[in-house]
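Enquirer: Sequence:
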Amino acid sequence: MQHSPIAQQLKLGAVILISAFIFAILLTPLTIAAFNPDNSIAGPSSPAPAAEATTRTGAHEEPAFSAQEPVTSFFPLGVYDKYANHDGRGFTDPKWRDYYRRVFTLLQAHNLNTIVSPYLCDAEDIIDFVELAASYDIAVVLRSNPEGCLRPTPEHLVHEAYGHPSVIAFMYGDEPAEADVERYRRNYEHLATYYPDKPVVTAMVGEDVEENGGFPVRVWEELDPQVRMIRFYPFRYNKYNLVDWFDGPEGFGVAPDQAFHIIEQANGQTPWWYVPQVFGQPAYGAGMNYPTPQDIRALTHTALANGARALLGFSLQNEQGPVFWRALVNQALESEGDNLAMYGELAGIFRKHSDLLLRHLPAEFDIDNNCNACSAVARYDPHTGEQYVYLVNRDSVTAHVSSLTIDVALVEQIQDIYSGQAYDIRMTDGRPTITVTLEPGEGQFLRLTTASQKTYLPYVSHLEAILFPS
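Numbered as in numbering that gives the first Met the number 0, the sequence shown ends at 469 without a single skipped number.
No lab work stands behind these hints, which were simulated from the structure alone. No residue lacks a Cβ here, since even glycine has one placed at the ideal position from N, Cα and C. There's no promise every hint is true.
[Stated by the list, open to error] Cβ pair distances, simulated, as ranges:
#1 436 / 185: 48 to 56 Å
#2 210 / 367: 18 to 26 Å
#3 188 / 357: 23 to 31 Å
#4 182 / 211: 42 to 50 Å
#5 429 / 333: 54 to 62 Å
#6 402 / 147: 25 to 33 Å
#7 400 / 93: 50 to 58 Å
#8 421 / 182: 20 to 28 Å
#9 421 / 221: 43 to 51 Å
#10 72 / 211: 26 to 34 Å
#11 418 / 281: 28 to 36 Å
#12 146 / 210: 31 to 39 Å
#13 196 / 400: 32 to 40 Å
[Claimed, not checked] Subject to a maximum C-alpha distance of 20 Å in a straight line, what follows is the list of computed SDA-like cross-link-like pairs (lysine to any residue):
#14 81 / 204
#15 238 / 287
#16 81 / 318
#17 351 / 449
#18 81 / 399
#19 81 / 323
#20 94 / 82
#21 351 / 446
Can you make the complete structure from the sequences, with help from the hints?
Expert: Below you can see the structure in the form of C-alpha cells.
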C-alpha cells in the first residue's frame with residue numbers, strides 16, 4: 000500500500016519524536032551536575048543504577064541522611080575506612096567496587112550510616128566512591144586535601160566530587176602540631192568559601208586535654224570549626240581505662256569523664272564529634288589494648304553523656320604496618336570477635352533516639368551518686384524542657400550498683416529511655432532517690448517526668464490536635 004509523501008513525512012516525524020523521547024529518558028540517569036559561578040551544584044546527582052540497588056540488604060525504610068537537611072540534624076554513626084590500597088586501579092575496577100558493596104552492606108547490617116573515606120585525590124575516584132555509598136544510604140566524611148590534590152582536574156569534576164550531597168563533611172588533617180595550624184586555617188577557609196554547608200573537621204588528641212582546656216581547645220579557638228572532632232583512646236598497656244587513668248608514668252592530667260566534660264564545655268555551643276577506640280593490639284602490654292565489647296559500650300556512653308554528636312570508630316578494618324592492629328573486621332571483612340556486633344547493637348539503640356542525642360544539653364541540678372566507677376551527668380532537652388540523668392558504668396569488667404539522689408522537685412517517674420525500664424522512687428530529704436544496677440560498661444539515659452509535665456504535655460497535645468488537625 001502506497002502512502003502519500005505527506006503521510007510518510009508525518010510517520011517519519013513521529014518515529015523521530017518517539018526515539019528522541021526514549022533517548023532522553025535513557026540519558027536522564029547519566030546527567031552530570033554542572034558547576035555554577037556561585038559555587039553551587041546545579042542539576043540532579045547521578046542516581047544509583049538498578050543493579051546496585053538489588054545488592055542491598057538491611058536497608059532502612061527512610062534515608063539515613065538528607066542532602067536538604069543541615070548536618071546538625073543527622074547523627075553520624077560510623078567508622079573510618081582504613082583499607083585504602085586499591086593499587087591504583089581506581090573505583091571503576093570491578094573487584095574494588097565489589098569490595099565496597101560488601102563494606103556498605105556490612106555497615107547497613109550493623110545500623111551504621113556513615114563512613115570516613117580513605118584518603119582520595121582523584122576526583123573521579125571520589126565521585127565513584129560517594130555515589131556507591133549513596134546507593135546504600137551511607138553518608139561520607141571525605142578525607143582529601145584540596146591543596147595537594149585535584150589541581151590538574153577539570154573544575155566541574157572537582158565540584159561534582161566535593162559538592163556531592165552524600166559528602167556531609169570534609170576531614171582535613173589529623174592530630175596537627177602547633178606549626179600546622181596556619182596551613183590548616185587556609186584550607187578551612189578555602190573549603191568554607193566553596194562549601195559553606197559542609198563542616199571541615201580535624202581529629203584532635205583527647206589525651207592532650209587539660210583542666211584549662213589544653214592544646215585541642217587552643218586549636219579550636221584558632222580554627223573556629225563548625226564541628227569539633229576529637230579522638231580519645233584510653234585502653235592501653237593493660238593499665239589505663241575509663242576508671243584508672245591518672246596514675247602511672249604517662250601522667251594524664253584529668254580523669255576520662257572529666258576530659259569529655261571539658262571537651263563539651265570548650266568553644267561554646269559548637270557541636271563535637273567523637274572517634275572511639277575500636278582498635279588495638281592483640282596482646283596486652285604492647286601499647287593500645289584491643290578493647291572488649293564492654294570497653295566500647297562504656298566509651299561510647301561516656302561520650303554521649305557529655306554531648307557527643309557523632310561516633311566514628313577507628314577503625315573498620317585491621318591495619319597492617321610496623322605493628323599489627325586489630326579492628327572491627329579484618330581486611331576480608333570478617334568480624335574480629337564480638338566488637339562489631341556490640342558496636343552495631345549500640346548504633347541501633349542510638350539511632351532510635353538520635354533526635355534527643357543531637358540536642359540534649361548540660362543541666363544545672365545536683366546529683367548525689369555513691370558509685371565511684373559510675374558517671375551521673377545532668378542533662379535536659381531544650382525542645383521539651385524535660386530533664387535527664389545520663390548514668391554510665393565506666394567499669395567494663397565489673398557490675399556496679401548506683402544509688403542516685405536527684406535535686407529535682409516533683410519527680411513522679413524515672414525511666415531509662417533505652418530499655419524502657421522504670422524505677423521505684425523513694426524520697427531522701429524531699430528529693431527522689433533510685434537504685435540502679437549497671438552491667439559492665441552499661442549506660443542508661445534516665446528521663447525524669449515531673450507532675451507538671453504529666454499534666455501539661457497531654458494538654459498541649461490536645462491543643463495541637465485542634466489547631467493543627469492532620
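Enquirer: With reference to the structure, classify each hint as holding or not holding.
Expert: Structure-based check of all given hints:
1. Restraint check, residue 436 to residue 185: a C-beta distance of roughly 53 Å satisfies the suggested window 48 to 56 Å.
2. For the pair residue 210 and residue 367, the beta carbons lie near 23 Å from each other, so the given range of 18 to 26 Å is met.
3. A hinted range of 23 to 31 Å holds for the C-beta pair residue 188 and residue 357, which are about 27 Å apart.
4. For the pair residue 182 and residue 211, the supplied restraint of 42 to 50 Å is violated, since their beta-carbon distance comes to about 26 Å.
5. Take residue 429 and residue 333: their Cβ atoms lie about 56 Å apart, and the range 54 to 62 Å holds.
6. Taken as a hint, the range 25 to 33 Å is violated for the pair residue 402 and residue 147, whose Cβ atoms sit roughly 56 Å apart.
7. Between residue 400 and residue 93 the Cβ separation comes to about 56 Å, which falls inside the hinted range of 50 to 58 Å.
8. Checking the proposed 20 to 28 Å range against residue 421 and residue 182 shows it is violated: the Cβ atoms sit about 53 Å from each other.
9. Checked against the hint of 43 to 51 Å, the C-beta distance between residue 421 and residue 221 comes to roughly 47 Å, which is consistent with it.
10. A C-beta distance of roughly 33 Å is found between residue 72 and residue 211, which places it inside the suggested range of 26 to 34 Å.
11. Range check, residue 418 to residue 281: Cβ separation about 33 Å, and the 28 to 36 Å hint holds.
12. The supplied range of 31 to 39 Å is met by residue 146 and residue 210, whose beta-carbon atoms lie about 35 Å from each other.
13. Judged by the Cβ atoms, the range 32 to 40 Å given for residue 196 and residue 400 is violated: they are separated by roughly 47 Å.
14. The suggested pairing of residue 81 with residue 204 holds, with an alpha-carbon distance near 19 Å, which does not exceed 20 Å.
15. Using a Cα cut-off of 20 Å, the hinted pair residue 238 and residue 287 holds, with the two alpha carbons roughly 10 Å apart.
16. The hinted pair formed by residue 81 and residue 318 meets the criterion: a straight-line CA distance of about 7 Å does not exceed 20 Å.
17. The hinted pair formed by residue 351 and residue 449 fails the criterion: a straight-line CA distance of about 23 Å is larger than 20 Å.
18. Proximity of residue 81 to residue 399 is assessed by CA-CA distance (about 36 Å); at most 20 Å being required, the pair is judged violated.
19. Proximity of residue 81 to residue 323 is assessed by CA-CA distance (about 13 Å); at most 20 Å being required, the pair is judged to hold.
20. Using a Cα cut-off of 20 Å, the hinted pair residue 94 and residue 82 holds, with the two alpha carbons roughly 14 Å apart.
21. Restraint check: the Cα-Cα separation between residue 351 and residue 446 comes to about 15 Å, which is no more than 20 Å; the hinted pair holds.
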